[in-house]
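> Letter by letter, the chains look like this.
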Amino acid sequence: MILVIETASTACSVALIDDGQVVAHVHEDVARGHAERLVPMIAELPEGGRADAILVNCGPGSFTGVRVGLAAAKALGLAWGVPVTGYSTHALLAAALFDQQPDLPDALIAIEGGHGEVFVQNFTAHPLTARDALRSLPPADVPPCPLAAGSAAGRVSADVAIMIGPDARHARLLPPAFCCLPATAIYGRAPDAKPNP
Amino acid sequence: MALILGLESSCDETAAALVTSDRAVLAHKLATQEAAHRPFGGVVPEIAARAHVDVLALLIEQALEEAGVALKEVDAIAATAGPGLIGGVMVGLVTGKALAHAVGKPLIAVNHLEGHALSPRLADPALQFPYLLLLVSGGHCQLLFVEGVGRYRRLATTIDDAAGEAFDKTAKLLKLGFPGGPAVEAAARSGNPKAVPLPRPLVGTAEPHFSFAGLKSAVLRARDAGLYAPEDIAASFQQAVVDCLVDRTRRAIERADGATALVVAGGVAANQAIRSALETLAAGHGLPFFAPPLWLCTDNAAMIGWAGAERFALGLTDPLDVVARPRWPLDPDAETVRGAGVKA
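Here the protein sequences line up with chains A and B, keeping their order.
Residues -9 to 187 in my numbering are what the first sequence lists, from first letter to last.
Residues 8 to 351 in my numbering are what the second sequence lists, from first letter to last.
In case anyone wonders, no lab produced these hints; they're calculated from the structure.
Be a bit skeptical, because a hint or two may be false.
[Unchecked claim] Computed list of lysine-lysine pairs in DSS-like fashion (alpha-carbon distance at most 25 Å, straight line):
(1) B:K179 with B:K201
(2) B:K182 with B:K201
(3) A:K184 with B:K182
(4) A:K184 with B:K179
[Said to hold, decoys possible] Distance ranges between label pairs, derived from CB positions:
(5) B:D328 with A:Q11: 21 to 31 Å
(6) B:D328 with A:L127: 31 to 41 Å
(7) A:V12 with B:V76: 30 to 40 Å
Cβ atoms here follow ideal geometry from the backbone N, Cα and C, with glycine treated the same way.
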């Protein structure tokens, strides 16, 4: 049994997954309320969400949301004595997209970044493969592509834009190689502060 | 006897401690972020939040190991729920919530200021309620009449900067380093406290409050005058702060009927000049004086665990959806003070 914790967007989403099947899930749009809702949502799951492993979204996305998810995941891992690993927002969205549209050969995943930029990464389907590394770019610098998906899909040059957001249930679609990130945040950009000695 | 796990992450220290209701600190693990913030001359909230989530779970694990206890033996989890830098507060509070849920033990959402306010009782069982407390830190400068756990009457606060902020800004102006408190104190040791004429804002006035913004500006002018050594400015500044704190505290003592002791707590209480001046003041009024050991003055998790133990003993626990609060006054009924804004 795997507990999935997904808090990188405005959604607060948790799921229990067993052998690739979603056993239980709770999914709410909480805007900024992750720190209040997450643990009660886990408590609402069967057996209080008790699992043999924890899988958490490491980002990128909402800095605060990602930290709330990681803090909860690491604490539960410590208390239950179970391993905690992570996945990326982009891998999750790509897996969900290729599941919903099995004929797609590839796609650009684009989500909102900071300061008007977008976080982008290209994926191919069947098997799910990342074609490049995650980058933070001004939308105008993103090469045109046939299809983009994610919260910033409409802001890059693509023939088709699909709005799609993360959902913990979709973690069942991630190949094992995409579920083994260390439980460390992927922020995608450095803090804005400038040294001021 | 209750065993409490305390968690702290409201500013630039990440910490976990195991504390018992009979005042034993079984373990205390603390990671300071000083080095990460030094290039910026102050605490950067986003850098702080990132560091808290990286290290807190590890510190908890180390604290449990050092104390030789299993998480399930803990009676309650106490985590700072504010006030402070909200990104960091959330990390500690969510960690506490998840631990409390996982082991089926109560959560106690601790006001960080109550942690400071009760910390002298962890250090010394002789300290009983009610007492007069000078709470001085980087974010706060208040005189409080402490009637009991959760019962605070604010007698005075700062109308602008906190005392610790004045130390930090003075250190920055004089290029003494970060954090400013210890840097100014060290420089002041070789300086003349009478060398530089500096103001004592609000000293002798009828109103009860503190003000340090004008003092900071005077330090800037003294530096730019080019007439004084940094050590002399530091020593004169520190003396001015001591004089302000003593004058305002004396005024409060004269009005705090029934106080059984004078207590100082918070990061600035680590300053030796301030401690000894307050000790002299207390003695002059026939009051016992309490100041926690230096490690308990600066931010730490033992005081959060202790505040948790005090609240747990009274049956005060919190639900798992409790909200993290960037602002959280100890005395919510205190009247607004001119200019004080969020520091009230």
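> Can you give the numbers of the hints that this structure goes against, from lowest to highest?
Of the numbered hints given earlier, the structure breaks none, since each of them holds.
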